[in-house]
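Below, each chain spelled out in residue letters.
2 protein chains.
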Amino acid sequence: MTAFPLPPGSVIGVLGGGQLGRMLALAAARLGFDVAVLEPEADSPAARVAAHAVVGAYDDPSALARLAELSDVVTYEFENVPARAVATLAELGVETAPCARALAVAQDRVAEKTFLNEAGVATVAFAAAHDAAGAAEAVAQVGVPALMKTCRDGYDGKGQRWVEHLADAAAAFAALGGDPVIVEAPADFMRELSVIAVRARGGEIAIYPPGENHHENGVLRRTSAPAQVSRKAAEQIERIAHQILNSLDYVGVIGIELFELKGGRLLVNELAPRVHNTGHWTQDGCEVDQFEQHVRAVAGWPLGPTEPHHRVEMTNLLGEEAAAWAALAAEPESRLHLYGKREMKAGRKMGHVNRLHPLK
Amino acid sequence: MTAFPLPPGSVIGVLGGGQLGRMLALAAARLGFDVAVLEPEADSPAARVAAHAVVGAYDDPSALARLAELSDVVTYEFENVPARAVATLAELGVETAPCARALAVAQDRVAEKTFLNEAGVATVAFAAAHDAAGAAEAVAQVGVPALMKTCRDGYDGKGQRWVEHLADAAAAFAALGGDPVIVEAPADFMRELSVIAVRARGGEIAIYPPGENHHENGVLRRTSAPAQVSRKAAEQIERIAHQILNSLDYVGVIGIELFELKGGRLLVNELAPRVHNTGHWTQDGCEVDQFEQHVRAVAGWPLGPTEPHHRVEMTNLLGEEAAAWAALAAEPESRLHLYGKREMKAGRKMGHVNRLHPLK
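Protein chains in written order, with my numbering: chain A, 1 to 360; chain B, 1 to 360.
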């Protein structure tokens, strides 16, 4: 059994070598930890700032064995970790965080919404289906228009379709590939909020103030934080975060996306059991950012403060937008974060900029 | 010729793999740069967060050739870089910053004080000597008590002796090893201040507010910043920083240690042509810290803001003091920085803690 808290010099394993893994590695290094990254591609953004790099598939037994050998604890930069990988790491005696249940819940939209409702957290109405006939039944149950999504592997707006008429349900199901789907009632929301929360091994919880998110073409464009929310909404968000984290006996940072409806009601849209793009503002708006909080939690350390010292507008730099680095670097209020990706592909998250303003 | 500003993805070479190199590497990574570290010891603190590690002596031609091949620009974490290394890098066509002259000035206490006085910056009275007879003359000229120091390679209080009587001069010279020395008049100072300043490739200068330093046994224990200084002192410090940086046509961060005398007069004690221990408070007290500023300057980027958003007390963690990491991590006002050093040797700088307070 691993003894927590892990002392400095311990090795934190990370599945995934992208920007989230990179920023986790930088935060871990500040606290005196070494990092081991497992990632299929060589020369990944995270591997270039990590003490150890293992190049291999996420479910490659020898790569997982090497990661387990190097690491005192293992965490993830994304939620679609193969269940087999988590099981293999557990068999190898390596503690993983967040727990397998959190990953399982976040990997399947039906499991996610079912979990949330059971935990007393409201979501849109939904129904599950795993064949064409079931899809039609699900649409009939939820009503039209409805949003049909694959249960697994969708992200950034991919793997989903609007169903305007009941008669279109089977075709939509086929167009999504015939995999199990969830059918969701539309949320007539005023805005999307998200909250970054963290739970320590001992159960301590810390919550950042919520951010307000703006998407373009299904991809996050901008988060403004702290969002202006009513006192009632703030309390409701805190309660939701506590419910979710405690119900999962969660360890680490979680990103919770919420819809704020007319009248102020809040529905949870999605969970990300990891550091989250909508929490990047904490890097320059708070003393301890989401990356350090995650490392602290995973390593069994006490959590840090979550109060902001600046208001931040975080904007993602997608594809060629990152070519504006020189102009952005010259803006006195802008803190630039670039991910070290070799190619500026269209829509690819290349970096982000945090623009700082005094707290109101 | 290297074209500046260097685009993200460029490689910043660093001579030295200790904590300063490590914190430079972390700052460079945030801006999308890769780092190559040259350091004699394998598994160094900086190498473990860098994309490339070259293990070799600082004057090993093949190690320098490898560093030059990897790097778009080379900088240093310490000033005692062999002149031969700088010359070799220049022959290999790699731009280095800060410049050779800044290193030469900082490596020799007589050259340093001579440079300062020529730049119109006041120091204590001093005289140079390179043999026993000269040492006696120098002490006679400066008066007793006087502080005799080796011209080169002294740091953290090593390589220096007080001379109380003229008759002791030759013995002190011998005790210091017979190398060239400087004899300095004592500075009857109220306190030691230091200022971290940075100059960009285009000549732009940015200056952090000064810190007040407290030493124990010749080693920095604590820096409090911003120090409370009179408006006149603040202006004088700004003038001194400008004089030094412009006279050296300097590129990068410099640490300038000052004595504040009774009556407010300021003397420069020492220059560190690099990021400096007394500037670690900027990591948590300012939006852009000294490490990012140095990377920006060296890469030909515009500088960032230097205004503080918190008052900080920075305390070094020496040797076994770093064993208190768990208690320090639990202090809500404390931001912990640990260097990843494998052994807690007595007096060794293992990390530091920045304690944050609201600006007065």
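By construction, these hints were calculated from the structure, which means they are not laboratory data.
Please read these numbers as outputs of a predicted model, since none were measured by experiment.
Check each hint, because a few of them may be wrong.
Copies of the same chain look alike in the list, so a pair counts if it works inside one copy or between any two.
Unchecked claim - Think about it this way: if two alpha-carbon atoms lie no more than 20 Å apart in a straight line, the pair counts; the simulated SDA-like pairs of lysine to any residue are:
{"hint": "1", "residue 1": "K232", "residue 2": "G347"}
{"hint": "2", "residue 1": "K360", "residue 2": "M190"}
{"hint": "3", "residue 1": "K341", "residue 2": "I207"}
{"hint": "4", "residue 1": "K341", "residue 2": "L6"}
{"hint": "5", "residue 1": "K158", "residue 2": "R342"}
{"hint": "6", "residue 1": "K341", "residue 2": "L166"}
{"hint": "7", "residue 1": "K360", "residue 2": "L248"}
{"hint": "8", "residue 1": "K149", "residue 2": "A53"}
{"hint": "9", "residue 1": "K360", "residue 2": "P308"}
So, going through the hints one by one against the coordinates:
no.: 1; hint: K232 x G347; in the structure: neither (37 Å within a copy, 52 Å between copies)
no.: 2; hint: K360 x M190; in the structure: neither (22 Å within a copy, 40 Å between copies)
no.: 3; hint: K341 x I207; in the structure: neither (30 Å within a copy, 32 Å between copies)
no.: 4; hint: K341 x L6; in the structure: between (31 Å within a copy, 16 Å between copies)
no.: 5; hint: K158 x R342; in the structure: neither (24 Å within a copy, 46 Å between copies)
no.: 6; hint: K341 x L166; in the structure: neither (44 Å within a copy, 65 Å between copies)
no.: 7; hint: K360 x L248; in the structure: neither (35 Å within a copy, 43 Å between copies)
no.: 8; hint: K149 x A53; in the structure: neither (35 Å within a copy, 46 Å between copies)
no.: 9; hint: K360 x P308; in the structure: both (11 Å within a copy, 18 Å between copies)
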